[in-house]
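Next come the chains, spelled out residue by residue.
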Amino acid sequence: MKFNDSTPIYLQIVEKIKADIVAGKLKGGDKLPSVREIAENFKVNPNTVQRVYMELEREGVAYPQRGIGTFVAEGEELVKKLKSTQAHKYTKRYVGEMKELGMAKKEVIENVESVLEEDENDHAEG
Amino acid sequence: MITLKADNITKNYFKKSALDGMSIQLEQGRVVGLLGPNGSGKTTFLKLATGLVRPTSGSITICGREIGYMSKELVALLPDSEFLYDWMTIKDAGSTYAAFFKDFNTKRYSELIDFMKLSFDMKFKSLSKGMKEKLALALTLSRDARLIILDEPLNGVDPVAREQILGAIVKCFNQESTILITSHLINEVESILDEAYFLKEGKIVLHGFTDALRSERNKSLDELYREVFAC
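Chains as they are written, first to last, in our numbering: chain B, 1 to 126; chain X, 1 to 231.
Chain B with its partners taken away, still in its complex shape (with noise of 0.2 Å):
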């Protein structure tokens, strides 16, 4: 995974998991790779990855069983709240970047219809 520069890395891998978990490639009580794994395989910091699971834990998102592991939070309500979360983020993200290049409220729409409508289409070809 390649970092971003302004953001503290432990939130860009708390991002990931979050991620992970509205797609579903992480469900509620999946056991959190452990701290050694995820340094290892993001070539991070064991001390960063620390940081990451406190995160999450505060966040709610995660609850540390002592001696097992971390685990993923059980409940419909969370994946739903950290998607309309996550959704919102990346929008006020997106809405960001067109203002700046001077876009109004209508063109930003449109660009994004038109973006889905081009991925419609491919994966009608495809």
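None of these hints come from the bench; they were simulated from the model.
Cβ atoms here follow ideal geometry from the backbone N, Cα and C, with glycine treated the same way.
Some clues are possibly wrong.
Said to hold, decoys possible - Far from chain X, some chain B residues (derived; all Cβ distances over 12 Å):
#1 E57
#2 H88
#3 Y90
Unchecked claim - To be clear about the criterion: a stretch of chain X counts as covered by chain B if any three or more of its residues have a C-beta under 8 Å from a C-beta of chain B, and this derived list gives those stretches:
#4 165–173
#5 192–204
Stated by the list, open to error - Below, computed lysine to any residue pairings styled on SDA-like, alpha-carbon distance capped at 20 Å:
#6 B:K80 to B:G24
#7 B:K43 to X:R162
#8 X:K132 to X:M122
#9 X:K219 to B:Q12
#10 B:K43 to X:Q164
Using the hints provided, position chain X relative to the given structure of chain B.
Positioned in the frame of chain B, the structure of chain X alone reads:
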């Protein structure tokens, strides 16, 4: 607990000043970067920490010990130059280290040699530059030292080998020791650093936790580095 403490060190080579009032404090369980351009004093500092040269003024201690033969057993150094003989095999290099250092962990050595995709019967002479670097790193990381110093571990190494080297560092990191890395490949080492010191003309000009530096300044370490060291 503090692994290394350097207080206001200066080092002059005759009239030329290499370090000019440098202070640094390394804590246990951290990976710390010492970053600066060529000639900023990084290697001079490492020579001081390993007792190869003595400071003109100021003090350095490692786990409370003055630099000397008592401190040397606590420090594992990966030098940035070659230090093995051509006739040695990878196995010989391991036995030599095992004879020299009582904290050498033979089992970890063979695991690391495996991990780096090297083999025991290879001769040093026949190794490529990247393989030599991996071997030297395996030797250094196989010591259970309190302070592990890696001087430019990624120099002259291709991107795949870099990944392996970073992987090995992460693998061997433990909460008892401290790893100090010097590099100017900031982008590559950034993700494994807890803390970074920026060294410019023999002085520390910036110090902080990498995550804090990123969020406070909204920049990657690499961008910060370019900003600090731009002429």
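Here's how the hints hold up against the structure:
No beta-carbon of chain X comes within 12 Å of the beta-carbon of B:E57; the shortest separation is about 17 Å. No Cβ of chain X comes within 12 Å of the Cβ of B:H88; the nearest lies about 21 Å off, and the non-interface call holds. At roughly 19 Å, the least C-beta separation between B:Y90 and chain X is larger than 12 Å, which holds for a residue marked as non-interface. A stretch counts as covered by a chain when three or more of its residues have a beta carbon under 8 Å from one of that chain; for the segment 165–173 of chain X and chain B the count is 5, and the coverage holds.
Check on the segment 192–204 of chain X: 3 of its residues sit with their Cβ under 8 Å from a Cβ of chain B, so the three-residue criterion for coverage holds. For a cut-off of 20 Å, the pair hint linking B:K80 to B:G24 stands: about 11 Å separates their Cα positions. With a C-alpha separation of about 11 Å, the suggested pairing of B:K43 with X:R162 holds against the 20 Å cut-off. For the hint pairing X:K132 with X:M122, the CA-to-CA distance comes to about 11 Å; that is within 20 Å, so the pair holds.
Between the alpha carbons of X:K219 and B:Q12 the distance comes to roughly 14 Å, so the proposed pair stays at or under 20 Å and holds. Only pairs whose Cα atoms come within 20 Å are accepted, and B:K43 paired with X:Q164 is accepted, the gap being roughly 9 Å.
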